[in-house]
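Colleague: Sequence:
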Amino acid sequence: LKISGEELEDTQLPGFSTTEQTLWAGRVGSGAIAQITPLKVVLILCGNTLAWEPPSRISVVSVNEFSGQVVLACGSQLHYLILTDKITPVTKVECEFEIACIDIGCVGDETESKLCAVAYWTDMSVALRSLPDLNEIVREKCGGEMLARSLLICMMEGVVYLLVALGDGTLYYYQIDKNSGALTQPKKATLGTQPTTLKKFMSRGAPNVFACSDRPTVIYSSSQKLVFSNVNLKLVAHMCALNSSTYTDSLVMTDGQTLVIGRIDDIQKLHIRTVPLGESVSRIAYQPETGTIAILVQRNEFVDSDGKHHCGHCASKMAVNASSSHPSVISSVTPPIEPEEIEVSSVVVFDANTLEILHSHELGKNELAMSIKSCVLGDDPQPYYAVGTAVVLTDETESKSGRLLIFQVAPSSEGGRMRLIHDKEIKGAAYSIQVLMGKLVVAINSCVRLFEWTAEKELKLECSDFDNVTALYLRTKNDVVLVGDLMRSLSVLAYKPMESSFEKIARDFVTNWMTACEIIDMETFLGAEIMFNLFTVVKDCSSKDEGIRLQLQETGMYYLGESVNAFCHGSLIATHIDLTPSFTTPILYGTSDGGLGVIVQLTPQFYDFVHELETRIAAVTKNCMRIEHGQYRTFESDGRIEQSVGFIDGDLVEGLLDMSRDSVEKLIDGLTLPAAAGQEQKVATIEEVLKVIEDLARIH
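Numbering (the UniProt record's numbering), first residue to last: 1 to 700.
It is worth saying that the hints were derived from the structure and are not from the lab. Computed from a prediction, not measured in an experiment: that's the story for all the values here.
Within a straight-line C-alpha distance of at most 30 angstroms, the following computed DSBU-like cross-link-like pairs (lysine-lysine) qualify:
| id | residue 1 | residue 2 |
| --- | --- | --- |
| 1 | K200 | K691 |
| 2 | K199 | K188 |
| 3 | K225 | K682 |
| 4 | K427 | K400 |
Could you build the full structure based on these sequences and the hints that come with them?
Modeller: Dropping the structure here:
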C-alpha cells in the first residue's frame, strides 16, 4: 500500500513478492528494501534485485534495520547476515534445540546490535548469544510448560531488559547485566490470554514496547520500573511504527482483517474520558454480557400551563430509543393548571466501548430511580438490569411505595434496545439491590427482602428481615448479606435456603451513620460513616460465648477525610504484576469529592513492616496543615475519639520515594525486613525498602 496524501492505495514494487508469506519487510540502513520470506532473503536497490536462499525454510527472523544485521532461524540453525548493497552471510551455528523466536534489538543509542536473544522449543528456555560469532553467553529456563512466542531486547531509562512473551499471554521480563550479560531480577505480568507479539516504537523521544494480543498493552518505564498501560483496542495482531510526513508519530495496526492508523496519547496508567450528560447521575452498573453500561439519572423539567415539558441538553433526550412507564398508583400525567418544575428520573443505557446513548427509559411523575444491579437470576441464563425506585411525595416523611423493574437489554452490537420484562410494586423505597444465590435481595425502607425469580419471569417474595431503622446499603457473598443501616452501623444476615428465612448472625452495636459498606471476607467487613471515617469489624466465629459471636468487634479505625459513596471489589491496574508485598482483596472506593482510592489487605508480616515505616516517616515529616499525622488520622465520630488503628496511610508511606537518599538511610536505620517462614529476619537495605514502597505504589 502507498500513502498518497491521507489515502492508501495499491502499489507495485519491482522484485517484491506478494504471493508468499512475508516474515519481515522494510528499508535497511543502506537505503535498500529488504523482504524476507520462508524461502529467501531479497534485497531491492536501484532497480536491482539480489537474493539469498537458505539451506532449509526460514522459520523466524529478526532484523536491525539501522545496521542491516539479520539473524534468521532454519529449524535449529542460526544464520547471521549483513545487508548493505549486497547480502553477506557471516556466521552459521547449529543449536541444541529448534528455535521458537529471536531478537537482535540494539541497546540505547547504539545502531549496531551486539546481542541476540534466542528462545528454544524443547527445553522452554531463553538464551543470549553474542554477535557476530553467535556464541551462547547465558541460558535461563522460562515459563514452565508454555512456549515463548516473542522476544525483545530494549533499554529504557538506562536499564536493559529482555522481554519474553509466552503463548498464554504471560510476559516474563529480566534485566540484562551490561558487563556479564547475566539475566537478573526476573518478574512476570499477565497481558492477555493469547500469544503476544512484542514490538518496539518511539513515543515523544522515549522507547516503548507495544504488546500485540487480545488485550493490547503499551509497556514503558517510569522511575526505572516497567509500567503496563492498556490500549483502547480489542485486538491487535501486528503493529509497526509508520514513517510518513502525513502521519507523524503514528502506528499502523491490524487485527488480521482491518488496518488502523493511530497515535498513542500521553501514556498513563489511568485513561479518563469525559461525556457530558446534562443530568445528575446517582447509580451505575456494567453488564459485560451485552457490552452495556446503565446509569440512573435525574433532571429538572419545567412544565408549562399547556402541559409541555421543557429541559436543556440531557442524555435522556439523545438516546437512539426511548420508552417510559409509571406505577399504577400514579395516574397518567395531565396538564397542570399552574406551571411547575418537576424532577424526572430515567434509566439510560450506553455502549460500554463507544459510550453511545442507546436507550432511555423514563419513570413516572414523582418516581425516583434509587438502585440498579446487573444480574442473572435463578435458572434463567439471560442477564437483566434490576432497577429499584421510590415514589416521593412532599407530604410523606418517607416513601411508602416504589417498584422493582426488570429490564432485558439487547447486546450493544444489536442496538442495545431495552425492554421492560417485569415490574413489581413494593411498599417503600428500594435503596439497594444485590444478588444472593441467584435471587434478588432488596433493601426497602426498614426491611431487607428476598425475591425469587420464577419460571414465569416474575418476582416472588420469599423472606424478609425487619430489624433496621433504614436499610440503605447491601453487600452479599455466598449466603451472607451485609446490611448498612442509616444509624445502626452494620449487621450480618445468613440466608437459610431450606427454611426460606434470614438469620441475624452478628451486628455492630456501636452507633455509626453509614455511607457505604463492603465485605472483605466472610468474617471481616468494611464500613464508611458520615464523619469521613473508615472502620473494619470482624465476626469472631471461634468464640464459645454466644454473645461475643453475635457482636461485630471493631479492629480498624481511620480518618479518611472524605465521604465515601461506594466500595467496589477490583483494581485500577488491569494487569496483574508480581509485587513484593503480597496483598489480597483490593477494594476501590469513590468519594463525594470525586476521589478514587484503593484499600488492600497486607499479610501480617508486611503490615508490621510498613506500619513501622509509616511511624518513622510520620515522626520526621509534617503535612501542610502542621498537624501531627497520628492526630490527623484520629477517628472522631458521635462523641467518640479513637486512635487510628488497623490502617496504613499509603500516601504518607509513598512519600518515602520523594525523600533524599541520605534521609532514607537515616530513616530505615535498624529496620528489619519481614522474614519468610523458617528464615531469620535481616536488616533492610535502602534498595530493598525502596523496592517494597515502589511496588506498593504500583498497586494503584
